[in-house]
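J.: The lines below spell out each chain.
Number of protein chains: 4
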Amino acid sequence: MVGGGRGAFIGAVHRMAANLDGQIELVAGCFSSNPEKSKLSGQDLYLDPARVYTSYEEMAAKESALPLGDRIDFVSIVARNDMHYKVAKVFLEAGIHVVCEKPLAFSLAEGKQLRDVAMNSGLVFALTHNYTGYPMVKEARAMVRAGKLGRILKVVAEYPQGYAITALKEQADGAISNWRMDPSVSGVSNCIGDIGSHAENLAHYISGLELEEVAAELNTFIPGRPLDDDGSMLLRYKGGARGVLYASQISTGDENNLNVRIYGTEASIEWHQEHPNELIVKFAEQPRQIWRRGNSYNGPEAAKNTRTPFGHPEGFIEAFANIYRAAGEAIADAILGNPAPIAGYDFPSIEDGVIGMAFIEAAVKSSKNNSAWTKLDV
Amino acid sequence: MVGGGRGAFIGAVHRMAANLDGQIELVAGCFSSNPEKSKLSGQDLYLDPARVYTSYEEMAAKESALPLGDRIDFVSIVARNDMHYKVAKVFLEAGIHVVCEKPLAFSLAEGKQLRDVAMNSGLVFALTHNYTGYPMVKEARAMVRAGKLGRILKVVAEYPQGYAITALKEQADGAISNWRMDPSVSGVSNCIGDIGSHAENLAHYISGLELEEVAAELNTFIPGRPLDDDGSMLLRYKGGARGVLYASQISTGDENNLNVRIYGTEASIEWHQEHPNELIVKFAEQPRQIWRRGNSYNGPEAAKNTRTPFGHPEGFIEAFANIYRAAGEAIADAILGNPAPIAGYDFPSIEDGVIGMAFIEAAVKSSKNNSAWTKLDV
Amino acid sequence: MVGGGRGAFIGAVHRMAANLDGQIELVAGCFSSNPEKSKLSGQDLYLDPARVYTSYEEMAAKESALPLGDRIDFVSIVARNDMHYKVAKVFLEAGIHVVCEKPLAFSLAEGKQLRDVAMNSGLVFALTHNYTGYPMVKEARAMVRAGKLGRILKVVAEYPQGYAITALKEQADGAISNWRMDPSVSGVSNCIGDIGSHAENLAHYISGLELEEVAAELNTFIPGRPLDDDGSMLLRYKGGARGVLYASQISTGDENNLNVRIYGTEASIEWHQEHPNELIVKFAEQPRQIWRRGNSYNGPEAAKNTRTPFGHPEGFIEAFANIYRAAGEAIADAILGNPAPIAGYDFPSIEDGVIGMAFIEAAVKSSKNNSAWTKLDV
Amino acid sequence: MVGGGRGAFIGAVHRMAANLDGQIELVAGCFSSNPEKSKLSGQDLYLDPARVYTSYEEMAAKESALPLGDRIDFVSIVARNDMHYKVAKVFLEAGIHVVCEKPLAFSLAEGKQLRDVAMNSGLVFALTHNYTGYPMVKEARAMVRAGKLGRILKVVAEYPQGYAITALKEQADGAISNWRMDPSVSGVSNCIGDIGSHAENLAHYISGLELEEVAAELNTFIPGRPLDDDGSMLLRYKGGARGVLYASQISTGDENNLNVRIYGTEASIEWHQEHPNELIVKFAEQPRQIWRRGNSYNGPEAAKNTRTPFGHPEGFIEAFANIYRAAGEAIADAILGNPAPIAGYDFPSIEDGVIGMAFIEAAVKSSKNNSAWTKLDV
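Protein chains in written order, with my numbering: chain A, 1 to 378; chain B, 1001 to 1378; chain C, 2001 to 2378; chain D, 3001 to 3378.
Mixed in with the good hints there might be a few duds.
Unchecked claim - Taking lysine-lysine pairs in the DSSO-like style, the calculated list, with each CA pair at most 27 Å apart, reads:
#	chain 1	residue 1	chain 2	residue 2
1	C	Lys2365	A	Lys148
2	B	Lys1037	B	Lys1086
3	D	Lys3304	A	Lys39
4	A	Lys365	B	Lys1368
5	A	Lys112	A	Lys365
6	C	Lys2365	D	Lys3368
7	D	Lys3304	C	Lys2365
Simulated from the structure, these hints should not be mistaken for laboratory data.
This structure is a prediction, so every number in the text was calculated from the model and none was measured.
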């Protein structure tokens, strides 16, 4: 693991997710650019001190020098946005598979370069757009693919959070959003980059549609902030579907209210992240349906990503663990020389990451241009 | 009543709403431009045949000639959009108060003319934007007015319906949407005009904010239709609040899913028309609150518009009846020469109607101009 | 109308319900045993003073002496429990049809006598167990009748309210529950009699099952009260189904939370009075279904009792109005000499009232006998 | 681990739960009475073959012979009901701490004997009544303890499942419920023993009330089954509170619908296992409150048992992991000689297990005695 030292929220989530099934073991890490903090984090995690590194370059060099079986099978990158490209590149060049936090990179340009590096390496590169890991999200995608929705006409993706309102009220910036509001670390966007991109990715994952252009307005409601804390946009998809997407961190009282609705000519579906075990399905002129996780009527994609029986709720960590499990299968196959399954692996790819970066930059550009329609430069 | 003959949905709703409290009695009408249909409708309603008219001009003339007390106190106009202006004008000029279905008129220009006529007449003019009649909508407005939400930052208004998808599937137009798709009757918009304007009005009623400009995209998904059946837009309110609004008739499986969310610096509120007896209130860092109709903790505005105790659900007709009751109070006061209450009457006014027309025309204009920001010409 | 003078909640509901469709007109009444109050109530309602009576005996005598067409077609009895029998008997004997509030009578013995009177009279007798008037309750019953649930195994009926907790907290009795706590007016039970009997009736209406015996415990939590304010019981139905029923007035924070669940071998259904426009249907190993009012997939029983389109919520008054409408049809047929429809009329009968009285008395008896199983003496 | 070999649902859950935080490592096991199956299960779990045992007696003997630090710190017993007593006794007598699946034992008599053994040993004994591990259940308990509900009057605990209906439909017994229907393995009850006891324990955990007696009816709807598949009962708690509890496996379409409602004189609370991140709180005459996991307004008990921020749902495995974490703390303290915290440890104890067994036997006895009130013999 690179990043994720003491006090980092997302690092702990990655470790729980990787740990859950007993198939992945954390054996080495560079948890902080501060050597002392990295060392202490390694102790917390019962690691061999010899494999707790003070720089990611050192880690990549020393681990790749170990014999296969002893060395790490892959690296998990949970450092800040501006480090993703650098760290991933070093490990890929050292021949080590990569699981990387989103966004893919600091900028679209960096993201495209990283795509080239990854493609040339032939190694596995998984991006943790974790919301795609939920079983009922997979069921939703399977429904779309099976044509149950007919032709898709409209997409509505929402991602309101309210946590930043505290900063506004206090006229002071809370710790959690600190580096996210710093353009030199976070990139050109805060809110759309951090959570808007999840909404975009989720809508894409379920619908299979390709986003062509956006007309966006990004807002900064908290005085003194250099980056957006809210944004809304109209969407045009290839093939004629239309949509609305918004994300916000100043939506007082909302928590992590990611929702997506996909409307087709035959049926529509609706999924709410805060009630992830249910998928609402509405066929025209039929009783509304609630598909629930763990039932025999769900398809193999959902079943494969389910750990507990119906009625025993699964949550965020389990969904996250599904990304690790799928990436782990791909990595194991690569290491063991197994052929990939015909249906491919089911985890967000570096291509999804490039689309995400193109989405963020298009939204920012549109907003600066008075919401003019702006194409994604994928 | 003018319009609302046999088979007309909204006419029957108006009659039930007016009837509910036993304070308004239907005594005369011109229910159809077809004299025979008008006559039969009058029979259905147990009316004196002498007061069932074959033209609205005749009705206005004959009724206004009757002595006060015998003549109608007001007219209820439930005819098609293109008739609103003509009918209302004739009755206002005959000295008769008016309750009128929305939209106010066929066009913004007509609407403004009608505003002049009404203003000059000094008579009561109520527009049945009925969703403002719900008690918990009134509670929501009272909360905003009392400053409980702090400064409002964001508005999200949604109005998806799915009924028109049947037309798309059958490639044939259903009866209900027939005249609504005819620009010579309906005006420049179908979906935004019919239901988008409800969402706009509701957001305005609760938030008190004035909408300044929109960036809209209107869509026509059903082939061969001359008017929109779907539309989405970004909103800019005076004072800096921002928003999103969309309305749709092709949202498969949705029924009458009007929702509005208002986000302030201190709290946010959320109201769903299909569960109208509840108002969701979210203060920052406090347990979520569900305010329910009929409780002692609700304010006088909600209490005044409540007929049954808590837990005994009220619905669409009761909300509609609240518009009639408030208009009825104003009309009674005008007829009896009572002074208006200091706080004013609580029903949608002709000014709301003009705003609605300006909203519809701005949205259509923006959409034709590739979603350019377009100001409301109120 | 007999009873329902100024300040009486249920009288006002009856009038709105009767009024809603414009088919029933209130023309005479005896609104209070207090002549002055009765007179003023009549004025409030714009009645002819000559038909506002000071005793129900006078009303029955004078009205029945009027020629058909001028006289009332039926009487609506909304007086207190101990008056139901006396008033109903007088009107039935005067040849006037009856709509009566529940419970049917002060005691089971009185109820059975009234059944004899009504049967012998050949007149219409409708009991306003109003919760059976909801469209989705009718849909539920139709599903059971159509065999969609298979054989019914289990019934769960709940009716928690919390309003009486205030009395407990204040150690003083609130106005609303005043006479209900007086055994000389209310009968042998307060809570089970007032609301438990609604739960029993609703479960019976939907399931079609006949309740055979109960094992009950009735509680009085508010000190100094002579009657129960809470009660729970086990149920045995004829044919082997089993159940649980409870009702409560001390369930803090609950409003009018009447719910019923019916479990069959093929499917189960669940209906919540506070969200009456939905019916939850669960088939084994299938996605959960939400049946919603006003849709084309609902059967004719629900459709007949529906006034507004899907998504336009109906509530308590509309359901109540459905009882009046069905009773009104039966009364009109009787007066006009029309044959009854083959399927019969759909309103709660005097037989339902007798079952209700037997249920109340069995529950009280069981509770006094340390919850011993006690048969209903229907 | 003892039990939980290939194909066992609950064994896998225990392992994920223990694994989640990276603080507990599975190092030895006897996974099946079938030596080959035990061995293969050990391979699946990457265990040292030398520590995969063919009998639990062997395991207890060999592990306790290892030096501290090398030997297992505790055993997790996930074998069938009839094995709990025997296995736990052997490990306790070998000086090894125990985490044990519920029910505590095959019978109340066995349970009491085991209590004596455990008490005398001075070792940690934790019972995995896992539903008490949910953060919002802990919040509920803290509210009750803080007196926010006032005096508790009523408890309603429900646990309907529907999975067994398939067996009824097929007239054949599904694999999952196989041994549960065998009295020689399961004990005197199936449904009440398996899930009714969870409802009893949860109500006790939150309310703090002691159950005194029950009036129960247990049913067997699936022909040919020797044990109950459904049961309902009235409850009397010490101190005057009353209640209702039912559990069912034939409630078609229900999944794992454990719910509990606690009504006090000041407020009531309501928790639904299938939506575990929310706690509904109803104060008299105040807006309903939804307390949500992960917020700053929750108390330390909930906070300590929370892994992800608000809005990032936690589920069944995380709740289960909280039992392991609390037991793990107690075991670590015991091994390290640390004093126990003043507030004690927060996991279900052997005393809870004895209460559970007394509950099961009282319910069965009452049912056989025509639902006579029957005291718990704790």
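J.: Against each hint, give a clear statement of whether it holds in the structure.
T.: These are the hints, each one checked on the structure:
As the CA atoms of C:Lys2365 and A:Lys148 are separated by approximately 57 Å, the hinted pair breaks the 27 Å bound. A C-alpha spacing of about 21 Å is found between B:Lys1037 and B:Lys1086, which places the hinted pair at or below 27 Å, so the restraint holds. Between D:Lys3304 and A:Lys39, the direct Cα distance comes to roughly 26 Å. Compliance with the 27 Å bound is thereby established for this hinted pair. A C-alpha spacing of about 22 Å is found between A:Lys365 and B:Lys1368, which places the hinted pair at or below 27 Å, so the restraint holds.
Of the pairs offered as hints, the one joining A:Lys112 and A:Lys365 holds, with about 18 Å between alpha carbons and a cut-off of 27 Å not exceeded. At roughly 22 Å between alpha-carbon atoms, C:Lys2365 and D:Lys3368 fall within 27 Å of each other, so this suggested pair holds. Of the supplied pair hints, the one linking D:Lys3304 and C:Lys2365 is violated, its CA atoms being roughly 50 Å apart against a limit of 27 Å.
Comparing the model with each numbered hint stated earlier shows that hints 1 and 7 do not hold.
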